[in-house]
Each structure stands twice: as C-alpha cells, then as structure tokens.
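Protein chains: 2
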Amino acid sequence: MNLRDKTLGFIGTGVMGRSMAGHLIDAGYPMRVYNRSPDKLGPLLEKGAVACRNPAEVAREADVVITMVGYPRDVEQTLLGPDGVLANLRPGGIAIDMTTSSPALARTIANAALRHGVAALDAPVSGGDTGARNAQLSIMVGGEASVFESALPILQCMGKTIVHQGPAGSGQLTKLVNQIAIASTLVGVCEAMAFARRAGLDPLRILSSIERGAAGSVQLSAMAPRMLAGDYAAGFYVKHIVKDLGLALETAREMNLQLPGLEQATRLFEKLSAGGGAEDGTQALFRLYVDAGLV
Amino acid sequence: MNLRDKTLGFIGTGVMGRSMAGHLIDAGYPMRVYNRSPDKLGPLLEKGAVACRNPAEVAREADVVITMVGYPRDVEQTLLGPDGVLANLRPGGIAIDMTTSSPALARTIANAALRHGVAALDAPVSGGDTGARNAQLSIMVGGEASVFESALPILQCMGKTIVHQGPAGSGQLTKLVNQIAIASTLVGVCEAMAFARRAGLDPLRILSSIERGAAGSVQLSAMAPRMLAGDYAAGFYVKHIVKDLGLALETAREMNLQLPGLEQATRLFEKLSAGGGAEDGTQALFRLYVDAGLV
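Chain order of the listed sequences is A and B.
Quick note: the first sequence, position 225, residue 225 per this note's numbering, numbers continuous.
Adding 295 to a residue's 1-based position in the second sequence gives its number in this note's numbering.
So that you can see chain A by itself, here it is in the shape it has in the complex:
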C-alpha cells in the first residue's frame, strides 16, 4: 500500500510542528491539522490542510496522527481519554508523539494504544527550528519494530537521522540522554567563557586556540560567540531545557541513578528561569556568571 494513500493528522503546529507538517503536505499526504491557537494553522491551510476543531476530529479520519505539543500533560490530554487521539483513530492507525516527553508516559500511551487496537511510537527530535525547516532532524524512535518500519517513509519526510532505539519509551529516553549531555557541556562552555572574560583575556581569541581540540563541541562553537556578544535570543528556550532536565532527573530517580552534574545544571537553568530568563535561549546561562552574585 502506498503510504500517500494514507491521511495524516498533525496536532501542535508551533514553530517546529508547522515546518514538519509542511514537509508532509509537500510530499503529497492529505493532512488534517489541529492547534490550540487556530491562528497558527494559516500557512498549512494555504497548502491544503484541513482544519479540525479538536484532536478527536483529527484522528477520526486519519491513519497516522503526529503530535508535537508542549508538555507531558499536553501529550496526555491529546492522546489519552475518550476524546483523545487513541480512542478515535481508525483500527490499525498509528499515533506518533514527537514531543519531548516522559518515557513512562510513552509506555502508558503504547499500552493504551494496544487496548484501542491501534499502535503508538514515541519519536522526539533534535535539531531545532533549523533542523525542522530543512527536514534534517534527528528522530529517536521507541516502539514496535514493525510499526517503526511502516512509519519510516513519513518520518523520512521530516528528518535525516532516524533510528529505532528500542521498545516504547526508548525514543524519549534517547532524547533525555541527548539533553543530559548538552546541559553539562553548556555549563562547561559558560564557565570557561566566564573565566576567560573575568581573567581579562580575549575570549574569541581563546576559541581559536581551543575549539578544534579536546574541548571542542557544538555548544562551544555555536553558543560561546552568542554568549560573548550578549545575544540571548532563543534557538532553544530555557523553559524547554528546564522541562527536559526535570524529566531526565525524574527518570534517573526512578532508575535509582544519581547524576550530580545533571542536578547542578538543572539548578542553574532553574535559577535562570526563575530570574526572568525562561524565554531566553539556553546560552543565556552565561548571564548568571556575568551578573555578579547570582550564582
């Protein structure tokens, strides 16, 4: 069966979701869309998407429904319960949650899907706005291998690196692994640059000495220049990393695993968020170090 015979649904058309749904429409899939703020649907409706009034209405006429919403509670509300996607999908349908959310909730959703005679994948992404716009996302997938295989042509419209990581929840776990690595790396970059500036050195000149060596990282090369320029515009929001690190810590505790570096990074980002930085980009962590006395 040609997958383009399938009707897709997309719920959550924010900055990332809009680009991702757009690629699927461009690939020829009929598309039904829902967003809590309907004004964000405009560009997709122009491309031919059908607007729906709620998640159930998306699901009823769709074979595959993708969700890209905000927080685990939004995922829960959208997918579970009598008005949710799972209860209203056609038999054999697939729900793919691409929100960064809780691994435990992903397992709950996969079990609920089974009871409804449908299937679920957890498939969070990394690569940000740019990755979504260029269909270059890394998509980390958890769920049944056969469901992954049948969803792959759809995922390939949105991403470049698409890896089946294991059973339900594994996609979310992989995304949390990613966030754990990023958070401490960014703390290191931030503290390195704070040290350089406080020492009266030229931090950009220092970058020329260190960024191609053992200290090299995407965070160092991408974020250090923004920190130094005082450019705190969001590529990835502080409020979102606070959410993700909270999920990572919660999951680590469930596994009885202590991660002191993650705890430290979470405290720093929470302090930044509480101090008015929630809408800044993650590189604004540098502010904690340049605004004396905050750390």
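Warning: the hint list may mix true and false statements.
Example chain A residues on the side facing chain B (calculated, C-beta under 7 Å, incomplete) [said to hold, decoys possible]:
1. T174
2. G188
3. F195
Please keep in mind that the hints were generated in silico from the structure rather than gathered at the bench.
From the three backbone atoms N, C-alpha and C, an ideal C-beta is built for every residue, glycine too.
Position chain B relative to chain A; hints supplied.
Relative to the frame of chain A, chain B by itself:
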C-alpha cells in the same frame, strides 16, 4: 639571525616532552637535555642531544630553554632560584614553560626573568600524546609579543595552532579555560552514557542518534565508546586533570568567580582519584556511575 644557530635546552622528557624535543632536533637545532629520570633520555641522545646533569647546566649553554615538567612546584624548582634556568641562561635567552601550571606562577617567572636580563613565555599545550607525536599541538602562549615572535619558529616545530593570547600568564589561563570546558563536557558525556546503560538501551545506537547534533563533542565521540567498552587506559591521566582543575578553581577564587559546574566536576575527579583511579584515563569517570553507590 637564523634560529637554527641557536642552541636549545629541553627539561622534562616524559611522553610528551620526548616527542616535542625530538621534533626540534629533527629540525636541526643543537639540543641539550635534562630529565629527573635520566633513563628517559635515551632516544634523544641517540638523535644527538647532549645530556646534562641539572637544569643550570642545560641553561648555561642554551639560548632557549623549554620546560615540560609535572607540577607547578617542579616548574618553580626548575626555573627559579640560583640553580634554576633563569639565573643561568645567557643574557637575552628565553625560557619557555610548556607545562600546564599556575597563571600566577607564570607572572612570577616573567618578572624574575626580567630581573635576570632574560625573557619568559608560558606556553602550555593541548593535543596530548598524539598531538605531540605528530607536531599538531595547540600551543597557547602568554608573554611579550616580541618574545613570542622570536620563539615562533621553534614553537612551529611542535604545534599547528599557535596563538599569542596576551601578557605573561595568558597561556596558562587559556589552558585552564580549555580544561574547564572539557571537565563539565566529560561529566555530561559520562552521565548521559550512565543513564543510557541504566535504562537498558544500546548506548552505541544512541550515539548514532545524537553525536552529530547539538550534543556533539570531541569528548562524546572519543570517550563514550571507550567508557562503554570499559577501556580506561590513559590518554589523559585522572591525576593530571585533578591538578589542572585544582589550578582552575584556585585561579577562579583569586578572581572572586564562582564556578559550580567546575566545583562539581573537580569533586568527581578527586573522588575517582582517591578511589584508586589516579593512573586511569579521564574517561574512567564512568566507573563512578557504574560502580553503584560511589557517586
């Protein structure tokens, strides 16, 4: 004046120093060498180096003396005092300390050099054994610009990225910036891999999802596979990162700068060292997380 008319001295011919001194001999410089354990001089003597019995004897007949020793106290003993390099160098000579050492000590040495009518550079390196062997080191230099210029042909025999970072101490400060970034990055890599393994995932498969994205770093790509294989052989010794992070913390305190991520990383490496890991490579930090209860 052709620099190859100059006689060089090299003090400290361990794994790194031996390769570095070898490149200078290969480039045609007459070379005088000293090492606390004279048995390590063998390969350099075969290349034509002259063995000396102490640092003063190296300095007396040399125009430029390079030191690559262990700890700041070794740097101090080798360079300062009546039997040290500075007191015994010919007028106009240059002492280049390439040990990772204290920025404050580097400034003390530069001032002492002036009083002796000689000059000093602090020029620590990154790139490890491999960088030393292939003359691909990054060399971070502090001191007078004119002295840097005249030493450059010598440094170019040992390194690829050679940057004058500022006045005396700036090379050491830059190296500490490098180590600050590495330490927290490595903590993040370690905790990410510990989380992945504890969650029952395949950590190498996770690397395929995350290592080319925002979590990407030299530490992730180089160290995660060694951690997962239980390969703790030293590229860079735990005892050396403990030294470097101690210097960084001490310097941060002198500047009244709090770096909680660095403090956390230092505690972890110190615990690893105290638990018998001093001679392991830095990636052995992973052991703290797999040996339950240690963190």
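Exercise. Taking each numbered hint in turn, which are not upheld by the structure, reported in ascending numerical order?
Worked result: none
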